[in-house]
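**Student:** Going by our numbering, the residue at position 46 of the sequence shown is 46; the numbering climbs one at a time, nothing skipped.
It should be emphasised that the hints constitute simulated quantities derived from the structure, not laboratory data. No experiment lies behind these values; they were computed from the predicted model shown. Built from N, CA and C at the ideal position, the CB exists for glycine as well. Incorrect hints may appear among the rest.
Using C-beta positions, here's what the derived DEER-type ranges look like [claimed, not checked]:
| hint | residue 1 | residue 2 | range |
| --- | --- | --- | --- |
| 1 | Glu42 | Arg192 | 25 to 35 Å |
| 2 | Phe104 | Glu198 | 12 to 22 Å |
| 3 | Arg84 | Gly194 | 29 to 39 Å |
| 4 | Ser134 | His189 | 17 to 27 Å |
| 5 | Asp11 | Arg205 | 20 to 30 Å |
| 6 | Arg150 | Arg84 | 12 to 22 Å |
| 7 | Arg105 | Gly182 | 17 to 27 Å |
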Amino acid sequence: DTAIDLAVRCDAYPAILDMLDLPSPVHGRRGLWPDVMTHVRERLRQVGCQGDAGSPHGTGEDRFRLERLSPGDGPFSPWRVATRFARCSDLAVMAGPTDDASVFRETHACFCDLLLASGRPVLVVPPGRPLAASVRRVVVAWAPGRGATRALHDALPLLRNAQAVHVLGVHSHVDLQSGGEGEPAIGAHLARHGVRAEVAAMDSRDHGVDGAIIEFDCTDHADLIVAGGYGHSRAREWLLGGVTRALFTR
Numbered sequence: 001d002t003a004i005d006l007a008v009r010c011d012a013y014p015a016i017l018d019m020l021d022l023p024s025p026v027h028g029r030r031g032l033w034p035d036v037m038t039h040v041r042e043r044l045r046q047v048g049c050q051g052d053a054g055s056p057h058g059t060g061e062d063r064f065r066l067e068r069l070s071p072g073d074g075p076f077s078p079w080r081v082a083t084r085f086a087r088c089s090d091l092a093v094m095a096g097p098t099d100d101a102s103v104f105r106e107t108h109a110c111f112c113d114l115l116l117a118s119g120r121p122v123l124v125v126p127p128g129r130p131l132a133a134s135v136r137r138v139v140v141a142w143a144p145g146r147g148a149t150r151a152l153h154d155a156l157p158l159l160r161n162a163q164a165v166h167v168l169g170v171h172s173h174v175d176l177q178s179g180g181e182g183e184p185a186i187g188a189h190l191a192r193h194g195v196r197a198e199v200a201a202m203d204s205r206d207h208g209v210d211g212a213i214i215e216f217d218c219t220d221h222a223d224l225i226v227a228g229g230y231g232h233s234r235a236r237e238w239l240l241g242g243v244t245r246a247l248f249t250r
């Protein structure tokens, strides 16, 4: 639903990737599976989208495309195919992990590949908590590095439309006493891009970096956390950084 809502608002052309290993269903008249197409039509009706004949992407449901990815589809894992799709997209949207161990493994593998191999921003939507149609409150987890800088700038279209943006830095006690890591400068930079942001800094001693971010998010009742993702490859598997993994599994 989040992906559909964003596509409608941005007049985008979304590709919906079904990554479940299920028997092949019957295709509808537009090539989409009936159950998925029914949901797309219902969601379009809910958001009041009838399609725009002048849109370069087609009208209404014609803009939506479905691809079925399963473990048996060729030599590549389905999440690596998803990564190839993401490289030709502005944004990858995926569901967050559940408590089911097997589903978690697949979701984690997909997230790692999208985040660390696609080069595109990834929006993770927790189960049962779709992103609001209008993002009102955003927390930007700031750290002086490539990942956070890239995430902040990729999120600018959402930040411009938000009602409240908080830039949060979490530092050691020593760094905090010396003035933090440039949060005021980032706030001024965002202002030049039309984003009014408040800056804040927290001590990492009590909760750690991930705990401080999550605590601030809960206190602020944020709709969205923007954070840089970190990880590396070892033994042919992606390993996420501690803060990235904590936010992903939250």
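**Student:** All hints, please: hold or fail.
**Tutor:** We went through each hint and held it up to the structure:
1. As the Cβ distance of Glu42 to Arg192 is approximately 41 Å, the hint placing it in 25 to 35 Å is violated.
2. For Phe104 paired with Glu198, a C-beta distance near 35 Å fails the hint of 12 to 22 Å.
3. For Arg84 paired with Gly194, a C-beta distance near 33 Å keeps the hint of 29 to 39 Å intact.
4. With their beta carbons about 24 Å apart, Ser134 and His189 fall inside the hinted range of 17 to 27 Å.
5. Taken as a hint, the range 20 to 30 Å is violated for the pair Asp11 and Arg205, whose Cβ atoms sit roughly 47 Å apart.
6. A C-beta distance of roughly 20 Å is found between Arg150 and Arg84, which places it inside the suggested range of 12 to 22 Å.
7. Separated by about 38 Å at the C-beta atoms, Arg105 and Gly182 break the suggested range of 17 to 27 Å.
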